[in-house]
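Undergrad: Residue numbers (the UniProt record's numbering), protein chains in the order written: chain A, 1 to 368; chain B, 1 to 416.
Note that these hints are calculated values from the structure, not bench results. Careful, some of the hints might be misleading.
[What the hints assert, rightly or not] Taking CB as the label site, the calculated pair distances span: (1) L26(B) with I184(A): 52 to 62 Å; (2) P169(A) with A150(B): 22 to 32 Å; (3) I271(A) with K242(B): 28 to 38 Å.
[Stated by the list, open to error] Quick partial rundown of chain A residues pointing at chain B, CB under 10 Å, derived from the structure: (4) A113; (5) L167; (6) A170; (7) L238; (8) D241.
Don't be surprised by glycine CBs; every beta carbon is placed ideally from N, CA and C.
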Amino acid sequence: MIEKGKISLAQMNILIYPAILATSILSVPSITMAHAGHDMWFTPIWGALVGFLTVFIALGLNKLYPERTMIEASTAILGSVLGKIFGLFYMLYLPHLTGVIIRTYGEFIISNALPHTPMYAIMGTMVLVCAINVRSGLEVIARSGQIFVALFVILATFLLALLIGELHPAEFLPIGEKGLRPSIVGALAPAAWLTEFILIAFLLPFVHNRSKVVRKSIIAVLYVTLSMVVINVVCLLLMGDMTTSFAYPVMIAARYITIADFMQHLEAFVIAIWISGIFVKISVFLYVYSLTIAQWLGMKDYRPVVFPTAFLCTVFAYWIARGKSDISGIISASSNLYTLIALLILPSLLLAIGMMRQKISGQGKAAP
Amino acid sequence: MMAWIAGCRSCAAAWSNACLLRSAALALSFSLIAVLLAGCWDRTEINDLAIVLAAGIDSPGEGKDYLLSAQVFVPRQSSGGKAGGSSETTPGGVTVVKSATGSNLAEAMIRLQTKISRHVFWGHCETVVIGENAAKRGLRQYLDFLLRYAQFREHAYVYMSEPPAREILALLPPLERSSAEALREMGNLKLGAKVTILDLAKSIEGVGQSAVLSRLRILPPEQGRDKLATMPYMRGIALFRKDAYIRTVTEPISIGVLIMLNQLENYVFTVKLGDSKGFVAIKPLQIRTTMTPRIQKGVWSMHVQVETKGDIVLNTTDLALLAPDQVKAIERLWKEKMTGIIQASIDLAQKKLKTDFYGYAAAFRRHYPKQWNASRSRWESIYPDVETSLQVKVLIMRSGKSESPQGVPEDTIIRK
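Extracted from the complex, chain A is given alone in its bound form (with noise of 0.2 Å):
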């Protein structure tokens, strides 16, 4: 097997935590009210459901092949020719949406923190130290998280608990304004964020301890689910409609937090955050990138691919936008529906067929 470490199931929930969170805690909030309106604080218990659907089908894939990941599956459900172009897609795939993170990173710290850094230099140095964490090895990727989460997690609740004397509770009204369907369209937005919870396709094969998986992929859907909303929930007491008006709700919140005088220009914090959180997803997607391409071409380590796929994802972090308004495109609700069909229609075909071919042919051996 290509990877030799081993991670605990919890290990692979915190590293899934900030991977999903990073990059939405910015852009989710503007997103879902640009479509919800005041609906907005639920909607990610909309998308909840597509995460568990995403969980799921992750764990079924990994029930169909225990010691494989999705794209050793894949040849094994769709025969060798079949199975690399699924494969392929996903070799194409990956780079864009790793490409996106990046980028996104890189237009956030641009615009919030050093505006006269060239670009190059913010992505590549991130990337850099992401590709070292990566060539490590999954149980440095593991442990550097758990490290990262915990600085992501403190921080956050700090930040957030220190606007609750500028909140004001009466913005929850009025609930269901337009109905119900403004809210589950601005569902769309969490919902492509939880479909990344098929990473745990590719990294449940290497988790020691699976015997209470199902229990606990489902409580880390809930956790996310609860983050997006309280998130959410904060922008829009604090800022009401004008929530959608803003490229980085959060960080608006964070600048806005006074208390005795002192308490102020937070907004750095919101920054440490950012980076800490971005660091693990960078590195997480990073490997499954790796871990893909290695896999896909049948090599025995994934470690030489790192530092050609990471300088990859960069490159494709210039080529996927020009500006800050190119990436609102790209993480607006029509992409999203180009990330629901990689991350959550295609894996869920790759489950339907294979659970087919177990049937026919547990059906052919119980014929004779």
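For chain A, the structure is supplied; the task is to place chain B on it using the hints.
TA: Just chain B now, kept in the frame of chain A:
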């Protein structure tokens, strides 16, 4: 980055061969890292910054250029006392004001930079003062700029000034480091309406499409003092329809406006008793205004309930303030007084200015979303006819340190 990787590889290859080659490769890779780390593109030393404490926006009139003023902190004079020769009559002088004109604020800001030798930094701008003429032209441009340009803080307090904003910023108050600091402290004390940039934008962009700001004037300096050695102070409330300034209200209507907005603190109501010569002053401890919208059979109505508790702080009547009847009588008069003030401010908004300053639209939207969405386009014609019922509940909690009136002989006090 690729070169670095190559360096790393050659380093690995050289491991077993020559120690010299290895250290050369290491040195090369480290020097390549140095290339990457050399640029501190966003480094600005603090002594290269001109820290702006307050921004002022003025306009000489329609169609003319805007004037953007910045109150810049002068760090040299803030630390320690002056070398000598400082006299009581000259102000502290830790701030200077620089201004520049432009056809819009962004242009003015860039021109302002050309007049200052340091990098102008707006991140600590805690106060924004908008001159009356600039306010008449509409706040939209200013709000967009303040909420788009990355450095401004959304928590900065916004005021409207009767004199040009530049003059307010130029003041050097004896009590505070700067007039910006004075205005921020006044905002925290809630001496007027406490409105941040975010609040202002929410209120204008919200369904009510209106806003209120505290209005500033300059306190005349004491005789013999420098004319800048004085403070700005708040007098009156400036009312905005959509984003444009329409008029100012002063006491007592401004008090009613603040009560309706749940923002009144620091006020004393004086009640004059009919038959006696004296009066009683009551300081409200808290005032809570709740609005309950109702739509019944197509009739839109709003129930406004004001609950307040207060302490007596002055009593020049002969009443002992112990008998429940006496307290009841004072409460009744207080209630009448408050009802009058609040009703006048409601009438001003609904009948005279026909502008929803108090959030009626938001309340209807929250509680009757269906009816609201059906008739939001007609809101401007509905609003003046919304039946407002006002209920004021007052309670006198305590009578201060004294019970019976002071400074009068015991036998004149009316105990019942």
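Undergrad: Determine for every hint whether it applies to the structure shown.
TA: Here's how the hints hold up against the structure:
The hint said 52 to 62 Å for the Cβ distance between L26(B) and I184(A), and at roughly 58 Å that hint holds. Checked against the hint of 22 to 32 Å, the pair P169(A) and A150(B) passes, with Cβ atoms roughly 30 Å apart. With their beta carbons about 36 Å apart, I271(A) and K242(B) fall inside the hinted range of 28 to 38 Å. For A113(A), the shortest C-beta to C-beta distance to chain B is roughly 7 Å, which falls under 10 Å, so the interface hint holds.
Here the hint on L167(A) is broken, as its CB sits about 13 Å from the closest CB of chain B, past 10 Å. Because the closest C-beta pair between A170(A) and chain B is about 7 Å apart, less than 10 Å, the hint holds. For L238(A), the shortest C-beta to C-beta distance to chain B is roughly 8 Å, which falls under 10 Å, so the interface hint holds. Given the 10 Å rule on beta carbons, the hint for D241(A) holds: about 7 Å separates it from the nearest Cβ of chain B.
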